[in-house]
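S.K.: What follows is the residue order along each chain.
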Amino acid sequence: MDRFRTLAEREMARLHALARRLVGGDAEDVVQECLLRAYRSFSQLEHEQAGGKWLTSILLNCCRDHWRARGRRVEQVELDEVDEFSLFRKIADEDPFPYSDSVHLDFLHQFGSEDVRAVLASLPELYRVPLVLVHMAGYHVKEVAFMLDVPLGTMLARLHRGRKLFERQLWGYAEENGLLKEGARP
Amino acid sequence: MITCSEAVKQLWDYLDGVVEEPQRELVEEHLSFCRRCCGELEFAEELRGFLASQADDDLPSEVRARLSATLDGLDRA
Numbered sequence: 001m002d003r004f005r006t007l008a009e010r011e012m013a014r015l016h017a018l019a020r021r022l023v024g025g026d027a028e029d030v031v032q033e034c035l036l037r038a039y040r041s042f043s044q045l046e047h048e049q050a051g052g053k054w055l056t057s058i059l060l061n062c063c064r065d066h067w068r069a070r071g072r073r074v075e076q077v078e079l080d081e082v083d084e085f086s087l088f089r090k091i092a093d094e095d096p097f098p099y100s101d102s103v104h105l106d107f108l109h110q111f112g113s114e115d116v117r118a119v120l121a122s123l124p125e126l127y128r129v130p131l132v133l134v135h136m137a138g139y140h141v142k143e144v145a146f147m148l149d150v151p152l153g154t155m156l157a158r159l160h161r162g163r164k165l166f167e168r169q170l171w172g173y174a175e176e177n178g179l180l181k182e183g184a185r186p
Numbered sequence: 187m188i189t190c191s192e193a194v195k196q197l198w199d200y201l202d203g204v205v206e207e208p209q210r211e212l213v214e215e216h217l218s219f220c221r222r223c224c225g226e227l228e229f230a231e232e233l234r235g236f237l238a239s240q241a242d243d244d245l246p247s248e249v250r251a252r253l254s255a256t257l258d259g260l261d262r263a
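The listed protein sequences correspond, in order, to chains P and A.
So the first sequence is numbered by this note's numbering: it starts at 1 and just counts up by one.
So the second sequence is numbered by this note's numbering: it starts at 187 and just counts up by one.
Because the hints were derived from the structure by calculation, they are not lab data.
Don't take each hint at face value.
Straight-line C-alpha distance at most 30 Å; calculated DSBU-like pairs for lysine-lysine [claimed, not checked]:
#1 P:53 to P:181
#2 A:195 to P:142
#3 P:90 to A:195
Chain A side only, calculated, beta carbon under 7 Å to chain P, not exhaustive [as the list claims (entries may be wrong)]:
#4 237
#5 243
#6 247
#7 253
#8 255
Virtual Cβ for every residue (Gly too), placed ideally from N, Cα, C.
Produce the complete structure using the sequences and hints provided.
M.R.: Following this line, the structure appears as structure tokens:
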């Protein structure tokens with residue numbers, strides 16, 4: 001138990017941060033479930049240095065069960081709808097901060113962490129999960145494909161859509177929440 | 187030669203290092219003369235950095251206390 005406890009204490013904050021981005025306000029429940037399942041199967045962990053990834057895989061299973069229990073369907077998004085969207089071009093064309101020398105950076109600086117969490121929450125799980133794991137949790141796309149038991153090509157396609165959707169939703173969120181005005185945020 | 191549209195579709199993958207040859211060479215060739223796509227590439231890098239910077243691992247103390255209590259319960263079980 002001491003070895004498990006050491007691993008769990010070390011990984012707790014990271015697991016909770018990841019869960020918050022995947023299941024929002026239910027993060028604590030999902031991490032609790034993850035720790036219980038991990039404890040029961042701790043003897044199956046062959047190399048303790050792989051403990052972090054092992055716990056992440058268990059957490060992802062808990063997230064999937066959580067979504068399933070809530071009856072959330074996996075939403076597919078038509079690639080054509082989002083594939084052509086470019087946030088870079090949108091910002092350049094719309095030029096929301098005409099007096100700025102760095103309009104693209106100024107656009108990103110309008111977003112606080114709550115805003116980013118809200119934008120992420122608006123993405124279908126199918127695309128949010130790879131985006132969060134690769135770009136926020138720092139996993140390589142090949143590791144994510146392995147953890148989710150999905151072919152690499154499929155994972156790359158989902159990641160691509162996830163990024164494009166994220167770009168589009170960032171713009172939509174900024175429009176809806178009045179972030180496209182000079183001085184909207186201090 | 188590839189078009190801007192084809193290059194832009196691959197920029198994030200290019201940054202992730204998952205675009206294989208010969209496609210990688212085509213992207214780099216395009217970037218060597220297209221300023222607009224270089225701008226897209228720089229912004230994609232900014233956006234990656236922006237996402238990574240949001241990944242704070244701060245755990246509220248009350249949540250840590252409750253999760254530790256769960257571990258205490260396992261200790262006693």
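S.K.: Compare the structure with each hint and give your call.
M.R.: Hint-by-hint comparison with the structure:
Proposed proximity of residue 53 of chain P and residue 181 of chain P is contradicted: the alpha carbons are some 42 Å apart, above 30 Å. In summary, the hint linking residue 195 of chain A to residue 142 of chain P is supported, as the alpha carbons are separated by about 19 Å, within the 30 Å threshold. Using a Cα cut-off of 30 Å, the hinted pair residue 90 of chain P and residue 195 of chain A holds, with the two alpha carbons roughly 15 Å apart. A distance limit of 7 Å between C-beta atoms decides the matter here; for residue 237 of chain A the minimum to chain P is near 4 Å, and the interface restraint holds.
Contact between residue 243 of chain A and chain P, as hinted, is supported at the beta carbon level, the nearest pair being about 4 Å apart and thus within 7 Å. For residue 247 of chain A, the interface hint is violated, the least distance from its beta-carbon to any beta-carbon of chain P being 11 Å, above 7 Å. Because the closest C-beta pair between residue 253 of chain A and chain P is about 6 Å apart, less than 7 Å, the hint holds. Look at residue 255 of chain A: its Cβ only gets to about 10 Å from chain P, farther than 7 Å, so that hint breaks.
Against the hints set out earlier in the document, violations occur for numbers 1, 6 and 8.
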